[in-house]
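Based on these hints, arrange chain R on the given structure of chain P.
Line order of the protein sequences matches chains P and R. Going by this note's numbering, the first sequence runs without a break in its numbering and finishes at 380. Going by this note's numbering, the second sequence runs without a break in its numbering and finishes at 380.
Be a bit skeptical, because a hint or two may be false.
Note: identical chains are not told apart, hence a pair may lie in one copy or across any two.
List time: in silico PhoX-like cross-link candidates among lysine-lysine, alpha-carbon distance up to 25 Å [said to hold, decoys possible]: (1) K39 x K4; (2) K225 x K97; (3) K313 x K39; (4) K130 x K152; (5) K97 x K229; (6) K148 x K21.
For the record, the hints were derived by calculation from the structure and aren't laboratory data.
There are 2 protein chains.
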Amino acid sequence: MIKKRLFTPGPTPIPEQVMLKMAVPIIHHRSPEFREIFKRVNQNLKYLFQTNQPVLTLTCSGTGGMESTFVNLFSPGDTIISVNGGKFGERWVELPKVFGLNVIEIKNKWGTAPTENEILEALKNNPNAKAVYLTHSETSTGTATDIKLLSKIIRENSDALICVDGITAIGAHELRFDEWGIDACVTGSQKGLMIPPGLAFVCLSERAIEKIEKSQMPKFYFDLKKALKSFYDDDTPFTPAITLIIGVDEALQIIKNEGIENIWHQHKRKAMAIRAGVQALGLKLFTDKPSFAVTPVWLPQEIDWKKFNSALKNIYGITIAGGQEEFTGKIFRISHLGYYDEFDMVTMIAALEMCLHEVGYKFESGIGVKAVMNYFQNNK
Amino acid sequence: MIKKRLFTPGPTPIPEQVMLKMAVPIIHHRSPEFREIFKRVNQNLKYLFQTNQPVLTLTCSGTGGMESTFVNLFSPGDTIISVNGGKFGERWVELPKVFGLNVIEIKNKWGTAPTENEILEALKNNPNAKAVYLTHSETSTGTATDIKLLSKIIRENSDALICVDGITAIGAHELRFDEWGIDACVTGSQKGLMIPPGLAFVCLSERAIEKIEKSQMPKFYFDLKKALKSFYDDDTPFTPAITLIIGVDEALQIIKNEGIENIWHQHKRKAMAIRAGVQALGLKLFTDKPSFAVTPVWLPQEIDWKKFNSALKNIYGITIAGGQEEFTGKIFRISHLGYYDEFDMVTMIAALEMCLHEVGYKFESGIGVKAVMNYFQNNK
Numbered sequence: 001m002i003k004k005r006l007f008t009p010g011p012t013p014i015p016e017q018v019m020l021k022m023a024v025p026i027i028h029h030r031s032p033e034f035r036e037i038f039k040r041v042n043q044n045l046k047y048l049f050q051t052n053q054p055v056l057t058l059t060c061s062g063t064g065g066m067e068s069t070f071v072n073l074f075s076p077g078d079t080i081i082s083v084n085g086g087k088f089g090e091r092w093v094e095l096p097k098v099f100g101l102n103v104i105e106i107k108n109k110w111g112t113a114p115t116e117n118e119i120l121e122a123l124k125n126n127p128n129a130k131a132v133y134l135t136h137s138e139t140s141t142g143t144a145t146d147i148k149l150l151s152k153i154i155r156e157n158s159d160a161l162i163c164v165d166g167i168t169a170i171g172a173h174e175l176r177f178d179e180w181g182i183d184a185c186v187t188g189s190q191k192g193l194m195i196p197p198g199l200a201f202v203c204l205s206e207r208a209i210e211k212i213e214k215s216q217m218p219k220f221y222f223d224l225k226k227a228l229k230s231f232y233d234d235d236t237p238f239t240p241a242i243t244l245i246i247g248v249d250e251a252l253q254i255i256k257n258e259g260i261e262n263i264w265h266q267h268k269r270k271a272m273a274i275r276a277g278v279q280a281l282g283l284k285l286f287t288d289k290p291s292f293a294v295t296p297v298w299l300p301q302e303i304d305w306k307k308f309n310s311a312l313k314n315i316y317g318i319t320i321a322g323g324q325e326e327f328t329g330k331i332f333r334i335s336h337l338g339y340y341d342e343f344d345m346v347t348m349i350a351a352l353e354m355c356l357h358e359v360g361y362k363f364e365s366g367i368g369v370k371a372v373m374n375y376f377q378n379n380k
Numbered sequence: 001m002i003k004k005r006l007f008t009p010g011p012t013p014i015p016e017q018v019m020l021k022m023a024v025p026i027i028h029h030r031s032p033e034f035r036e037i038f039k040r041v042n043q044n045l046k047y048l049f050q051t052n053q054p055v056l057t058l059t060c061s062g063t064g065g066m067e068s069t070f071v072n073l074f075s076p077g078d079t080i081i082s083v084n085g086g087k088f089g090e091r092w093v094e095l096p097k098v099f100g101l102n103v104i105e106i107k108n109k110w111g112t113a114p115t116e117n118e119i120l121e122a123l124k125n126n127p128n129a130k131a132v133y134l135t136h137s138e139t140s141t142g143t144a145t146d147i148k149l150l151s152k153i154i155r156e157n158s159d160a161l162i163c164v165d166g167i168t169a170i171g172a173h174e175l176r177f178d179e180w181g182i183d184a185c186v187t188g189s190q191k192g193l194m195i196p197p198g199l200a201f202v203c204l205s206e207r208a209i210e211k212i213e214k215s216q217m218p219k220f221y222f223d224l225k226k227a228l229k230s231f232y233d234d235d236t237p238f239t240p241a242i243t244l245i246i247g248v249d250e251a252l253q254i255i256k257n258e259g260i261e262n263i264w265h266q267h268k269r270k271a272m273a274i275r276a277g278v279q280a281l282g283l284k285l286f287t288d289k290p291s292f293a294v295t296p297v298w299l300p301q302e303i304d305w306k307k308f309n310s311a312l313k314n315i316y317g318i319t320i321a322g323g324q325e326e327f328t329g330k331i332f333r334i335s336h337l338g339y340y341d342e343f344d345m346v347t348m349i350a351a352l353e354m355c356l357h358e359v360g361y362k363f364e365s366g367i368g369v370k371a372v373m374n375y376f377q378n379n380k
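Next up, chain P with everything else stripped away, as it sits in the complex (with noise of 0.2 Å):
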């Protein structure tokens, strides 16, 4: 009888009152009961996203909602500005080069965001540039950007839209969709949603939606005219996944409850425990701009990722994630994004201290959880 727990950055846990809200028998999508639910999840994600845009909810994963940005505010030729600094940015530049777009990568050391000046040379260099792809939360390597700073400058120096991944940073991370001139930001529902992956959610700006009209890049399944369209009725183009929007729904209303402002607060003490408790243990964090979403720290060079990692699953029922890419077996992360509380962070650095004990590390035993539990107690 060993319980499982979950300290990944996407899919996270889903609270209980959620899964048993999916579990209830379907409704169909075309019906008043549905339309009622799906206008509430409109709303809320509109407080979610801190915007009064509309928020557009597609059935793919982040990564097709990420596509849908750049298949519909676009035409092939046109030329946009993307930072690399890890597994997702990389991507962000890899796709949009597949649809025909001149892409200008400004690549980061894993573990680095890019700086104020790095964007303003891009787009001193490529003043034609359409628009800047920003990554909020860099799961891959537990780093943040500041998506505020950088949308006044680039608002400051340029016309380009400002688009964002927020797929693990919404949520988790301040972001006000309005009030920082953002145009497109895009999150999933197995992240700070705290539901099952397969939704993913766009927020718009009216200049982006402005660009979707010139748009020539050819699209059906994502395409955003059809379901903005759509979304001014409460409705979707294609049939939705219904239970998950259900989902959506629940948590939304969750996260209303608890108000927006206090669950960035909350993702930020749950992180800044976390990083107390790791740093007491003697080991160190990978990154200087560490997300509220996901702390990605150094394994200790003695020990053996798999046999660490292992233990950790196996023994105490912890699943967290382990690097990517070069950094496989030499940094692990632990997700503090959704639904986790104090004694969540608590257990957690238990189980690292437990874990690091099996493998023969040294260290004062008690000594991260002990951190974890002063850092709450000093900072309400």
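Same frame as chain P, but now just chain R:
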């Protein structure tokens, strides 16, 4: 306490054990636990399609699955033949045009299926046609196409790929992908598979897989080369709809235990019983070639659709499908696709009788239900 019953051809009712299975705590998609499930799903999908070829699982609706065939098997400028006999056939003409394909349309009157001669003539007039698209069960008209016969004709007379929209047919109609020489066949999760919408399944022949290599169409999320590569590792290129795949696993095990041939047989029985029931009531079938998934029926002219449907729904808790486009208000469609048994068919016709009585239609009370029961009793 009105008990709600869904008789729509997608979403279809979900078995209780499948709903509950999808509500267990979520697991990560890159874990041995998930891989084991997905491996079984991949095996059982082959059984469902009666094939030894790969069946790819995509997180999207059926339309997304169909789009993946158009953008992976062809290049812009290629000619394809597409049968349009209803709302979905219409989509399989419109969609490929968006992607620059030259679409030769075989337009069938709603409620009719394409004939051998129509297909032969189109092939003769377009010897360069790279594919013929057929809709096995056209949901909007409840009309079935003889895929076995037409596949044979196409194979004998051309090298064109045979691509089948099996969205509402798979699991209701006999389909033998390998034996019949089909090249691409798509289904969705919310149909014969009895789970919520959000997944599409794409089965590909060797010939089709070869075409993928040569396709010059841009794609990323729907890139089947990527999906095939992952498939062989029982993996997916992007985060899949995990809970829905867990549901499919459960549903496919039910199907396997029942036996696919028995499931086809039972769908035929349910369809024939419903037809006997509505005809006994003096109602007329909309099509000469009714599908085993959904039965379309002319609404007697003197009956107002809105009043009729509202009584059915609000008094008796029954949701059926109405007519689409020019047949809105003129026909109604009863689904028998998926998780229904004999008594569900009795219930459906009983509710129809009570509702027809309500709106003043004259008939001998009980005669429809009697016909349904007689059919079942006399046809095991």
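Each hint tested on the structure:
1. K39 x K4: between (35 Å within a copy, 22 Å between copies)
2. K225 x K97: Both. Shortest intra-copy (22 Å) and inter-copy (17 Å) distances satisfy the 25 Å Cα cut-off.
3. K313 x K39: between (41 Å within a copy, 21 Å between copies)
4. K130 x K152: within (16 Å within a copy, 51 Å between copies)
5. K97 x K229: between (28 Å within a copy, 21 Å between copies)
6. K148 x K21: Answer is neither: 36 Å inside a copy and 42 Å across each miss the 25 Å cutoff.
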